[in-house]
Structure formats: structure tokens, C-alpha cells
Amino acid sequence: MDKPVIDIKNLWFSFDGEQVLQDVNFTLYHKEFLAMIGPNGGGKTTLLKLMLGLFEADRGEIRVFGRPPKQVAHRIGYVPQDIHINKNFPISVLDVVLMGRLRSGISRSHYKKDDRITAQAALGKVEMEQFKNRHIDELSGGQRQRVFIARALVTEPEILILDEPTASVDAKGQAEIYTILKDLNEKVTILVVSHDLLALSSYIKSVACVNRRVHFHGAAEVTEEMLEMAYQCPVELIAHGLPHRVLRAHNGD
Amino acid sequence: MAGLLTSVICGIIGTFVVVNRIAFLAGGIAHAAYGGIGIAFFFGLPYIVGTLGFTLFAALIMAAVTLKARDRADTFIGVLWAGGMALGILLLDLTPGYNVDLMSYLFGSILAVPKSDLWQMLVMCLSVGLIVIFFYNDFLAMSYDEEFAQLRGVPVKGLYFLLIGMIALSIVMIIRVVGLILVIALLTIPPYIAEKYARSLRMMILISTLLCCMFTIVGLWLSYIFNLTSGSTIIMVAVAAFFISFLVQYLQSRCLYSKAIGN
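Top to bottom, those sequences are chains G and R. Take 793 as the starting number for the first sequence in the working numbering and just add one per residue. Take 281 as the starting number for the second sequence in the working numbering and just add one per residue.
Quick caveat, the hints were computed from the structure, so don't treat them as lab data. Check each hint, because a few of them may be wrong.
SDA-like mimics (lysine to any residue), calculated; alpha carbons at most 20 Å apart, straight line [claimed, not checked]:
no., chain 1, residue 1, chain 2, residue 2
1, G, Lys-862, R, Glu-427
2, G, Lys-905, R, Phe-414
3, R, Lys-437, G, Gly-845
4, R, Lys-348, G, Lys-924
5, G, Lys-905, R, Phe-415
6, G, Lys-924, R, Phe-415
7, R, Lys-348, G, Leu-931
8, G, Lys-862, R, Tyr-477
9, G, Lys-904, R, Ile-413
10, R, Lys-476, G, Ile-877
11, R, Lys-348, G, Asp-850
12, R, Lys-476, G, Arg-926
13, R, Lys-476, G, Lys-979
14, G, Lys-979, G, Arg-867
15, G, Lys-879, R, Glu-475
16, R, Lys-437, G, Glu-848
17, G, Lys-841, R, Leu-347
18, G, Lys-904, R, Glu-475
19, G, Lys-862, R, Lys-476
20, G, Lys-905, R, Ile-413
21, G, Lys-879, R, Lys-348
22, G, Lys-862, R, Gln-430
23, G, Lys-879, R, Phe-414
24, R, Lys-348, G, Ala-849
25, R, Lys-348, G, Ser-806
26, G, Lys-879, R, Pro-435
27, G, Lys-841, R, Val-436
28, R, Lys-476, G, Leu-931
29, R, Lys-348, G, Lys-905
30, G, Lys-841, R, Glu-426
31, G, Lys-905, R, Ser-480
32, G, Lys-879, R, Arg-479
33, R, Lys-437, G, Ala-865
Computed from a predicted structure; not experimentally measured.
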């Protein structure tokens, strides 16, 4: 838990004239299991894309494994939200997962034999192996999400970034996904963007609240304030047992 | 023979147009191509050089705009669409002499394709085929999930321009056969039908090509019997097939639905 894997200093980012992220300072350590929460439009997905090198900061610095994000993007496994993907696309589950085996260089566009083996193993890990030849649109949202996780796994990542992985998943599916993530966390640093605080809290180690600025909390705690930020309305706290840890209030928010 | 080559090209390129949802862009390229035709005639250049030069130019501008300013893209495409077409017509007006070929470029004349062009089409067909085979997994990744592809090191920008270039090239070739007005139909209808039945992009390309061949053969046969314009007949066959396949799918889903309720 000592080495920083992602280091962000004084980051500013605007989009279409709007300031999305302001003076972000944030460090993610090796083998961390971080949850990023915050209201919609607060900049969570944007921050992810900056870490992946898909966007470039206006000001400030991001270093992933000590290098600029674009250089090391292939060492990060990315599980995007399900929404922007074309569901009618003619592609099988196995082919989607195989995409994770693409790599830079001349031999990129051709898969080798052990690529298929790795892909099938990853599908096994997310318990989707029997679906490997199915058309992607035959799957439910939760099943598709697991396929995307498998795709990120075959990249053999050192960091796994998931953007709302449980958005279209039922409670049982959510529990299964988080069990898989907890297992992976033995070796891999995990960053999850999520609204599901109650589902997360037993597994995650730390929390970052993102709402144009980022506030980092070093321990997995759920407070009324954080729930309010995620759901944006006063919410009745319903929980098994009582949340008994309290975080410091953010200054100047 | 021209019909066969056209079908193969349409099958391949059309599939990529449809899965990337860039039919409007392809339409823009097609109509802008008319400007290229005009330039070719006015300056007395051979068809390929004149048309292709201008079309590639227009296509690359359109590609650049869709990358940099997505919400302005439709407008730009529309402008190049109309402008290219108008330029072509004006240049043809200004070209001395009587131009029989004008109509054949608008409506196609599959039976009057000169042999030299057939060779060019063959070469083009093979190059497109080879490029697609070589970059298959890259194109697949780019079409399905561009962001992820970019993260894996796929040069998505370069490939996108390559794709647009291939589309421009193919359109210039196909205009000869079915005419400008109907190029888009032949590029999009077979893939739309194929998409529902294909399990992989390869399958979709194959099915599109076969469908395209079928439409061409049936269309030519009908146009021979009834003495109609060949290009338009082919398109009508394609449209009919599209509606039939749509109807079949609709009925299939109704059938499944009522079975589900019945239980």
C-alpha cells in the first residue's frame, strides 16, 4: 500500500467552456480499493478519462506509474459504462473479450492461440464461460457488464478502473461482482466509480468524493453527507447495523 | 462481372458504413463525388483521377470535421453534399460538347462499363479486401468501442481516415454501376439486412456481399425482361428485400411475444 500508482497534482480541466475539475490533488496507492462517488456532472467520469489519457488536462500534472497516462494506458484495465455501446453490433462474447488482447506494435492486429485461452479463462473468472459464443445482444445488462470486466482482465492490468459496474445489475449480481473485485484486489489496484455506497462499503478501503474538487477519505466510511452527495436529496439512512464511523467534513464546500 | 465486383466492395465497405453509423457521411461523399465527375470532364482528366481526387479531398474534410467538431459535422457534410453536387452540374454545363455520360453517372449503366475499368475495379476490390483482412481486429475494435481500442494502442484516428478514404474510393467505383442517386442504397441496404442475422463482422460482410450479388442478378434479369433502367431495378429489388426481412422480423418478435404471454 506504499507506492503511488496514480499521482495527480493541481489538475484543472474544462470542457466546452465549463470548469469540470478544479485544482485536483489526489494520490492512488498500490493495491488500494477506492470508490469514487459524487453527483452526476461532478467530474467522476472525466477524472477517469484523464487518468486513462483519453483527455488532456488544461493545467497540472497526472502521472501514472510515474509516466504520462497515454504511455501506460495499456497497463490499466478499463470497464466503461454500458450505455454508449451499440447493442446490435454483430459480435460474440468471446470476440469482445479478445479485444483486450490487442496491443501496440506490428503483430497487433492478429490474435495468437494463447490469446483465446486467456480470454476463456477470464470469462471463467466472471462466470460467463458458457456464453462465450453468444451474440452480445442476447445478454442482460449485468451479464454484459461481466463480459466487459473479463475484457479488462485479459489486459493483465496493474490497475483496474470500473465506471459504474453495477448500474444495470441486480443485487445478487452486484454481490458477485464485488466478490470478484475483492479477490483481484490481492494483486491489482482497483478504482470504482459508483453510486452504490451501501453495496460498496464492506469491500472498499477508501473513498474519494468528486464534485469539481476531490476530497479523499482514507477509510471506507459511509455518512449521511456522502449519501446526500450521491443521491442529491436528504435520504433516510437504512443500514444493517449502525454506521459508526464519521468522516471529517469537507472544508469550504 | 462489374456487378460481382461491385457486390464484393459493397458488402465490405457497406458493412463498415452501417456498423459505424456513418450512412449520412457516406451520402455526403457520394454527392460530393459528382463535383469530382464535373472536374474530370471539364479539365479532360480520366474519370478516376478527377473524380477520386476531388472526392478524397471532400471525404477527408468530412472525416476531420466529424473528429474535431462532432456537432457541426452534419452541417458540414450537408454543405459539401450540396456544394459538390452543384459544382459538378455547373462544370458539366460549361463543358463543351454533348455529354451522354451525364445520365449514366446519375443512374448507372452496369452493362456499359469499359474493360479497363473492370481491371481498376478488380485491383481496388483486392486492395480493400487485403486492407480489411490485415487490419480486421483493429477495425472491429474501432467500430465497436473506439475508446477501448484507443486505450489498447489501436491508432483509431489513422484507421478512421483510412476507412473514409476506402469509402470514397469505393463510392467512386460504384457510381459507374448504379449511379450516384442510388449508391447509398446499395451500400446500406444489404448490410442492414445482414446485421440481424450475422454473429460476427466477418459473417455480416459475407452475407452483405451475397445479398448484394443476389439483388444485382435479380435486378439485372428483371430490367432485361421489362426493359427498365438496370441500376434502379436493382435498388427496387433491394428495397423489397429490406421490407420483407423487416416484416419477417416483426412477425417473429410478435410470435415470440404472444407465446410468452400465452404461457
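Does the alpha-carbon distance linking Lys-476/R and Ile-877/G stay inside the 20 Å limit?
-> Given that 20 Å is the threshold and the Cα spacing comes to 17 Å, the pair holds.
Could you grab the alpha-carbon distance between Lys-905/G and Ile-413/R and see if it respects the 20 Å cut-off?
-> This hinted pair holds, its Cα atoms lying about 18 Å apart.
Pair hint outcome, Lys-841/G versus Val-436/R [Cα-Cα no greater than 20 Å] = Between Lys-841/G and Val-436/R the Cα gap is close to 16 Å, so the pair holds against 20 Å.
Decide if the proposed pair is consistent with the structure: Lys-879/G and Phe-414/R, CA atoms, cutoff 20 Å inclusive.
-> Roughly 26 Å between the alpha carbons, so the hint for Lys-879/G and Phe-414/R is violated.
Regarding the pair Lys-879/G and Lys-348/R, is the alpha-carbon distance no greater than 20 Å?
-> 25 Å, violated
Restraint status (C-alpha distance of Lys-879/G to Pro-435/R at most 20 Å) | 24 Å, violated
CA of Lys-348/R to CA of Ala-849/G, is that 20 Å or under?
-> Holds: Lys-348/R and Ala-849/G sit about 17 Å apart, inside 20 Å.
Satisfaction of hint between Leu-347/R and Lys-841/G, Cα-Cα up to 20 Å = 18 Å, holds
Mind checking the alpha carbons of Lys-905/G and Phe-415/R for me, to see if they're no more than 20 Å apart?
-> Given that 20 Å is the threshold and the Cα spacing comes to 18 Å, the pair holds.
Please work out if Lys-841/G and Glu-426/R have their alpha carbons no farther apart than 20 Å.
-> Between Lys-841/G and Glu-426/R the Cα gap is close to 13 Å, so the pair holds against 20 Å.
Straight-line Cα separation of Lys-348/R and Asp-850/G no greater than 20 Å?
-> Since the Cα atoms of Lys-348/R and Asp-850/G sit roughly 17 Å apart, the hinted pair holds (cutoff 20 Å).
Take a quick look at whether Lys-862/G and Glu-427/R sit within 20 Å of each other, Cα to Cα.
-> Within the cut-off at roughly 13 Å; holds.
In summary, the structure is inconsistent with hints 4, 6, 7, 8, 13, 18, 19, 21, 23, 26 and 29 from the numbered list given earlier, while agreeing with the others.
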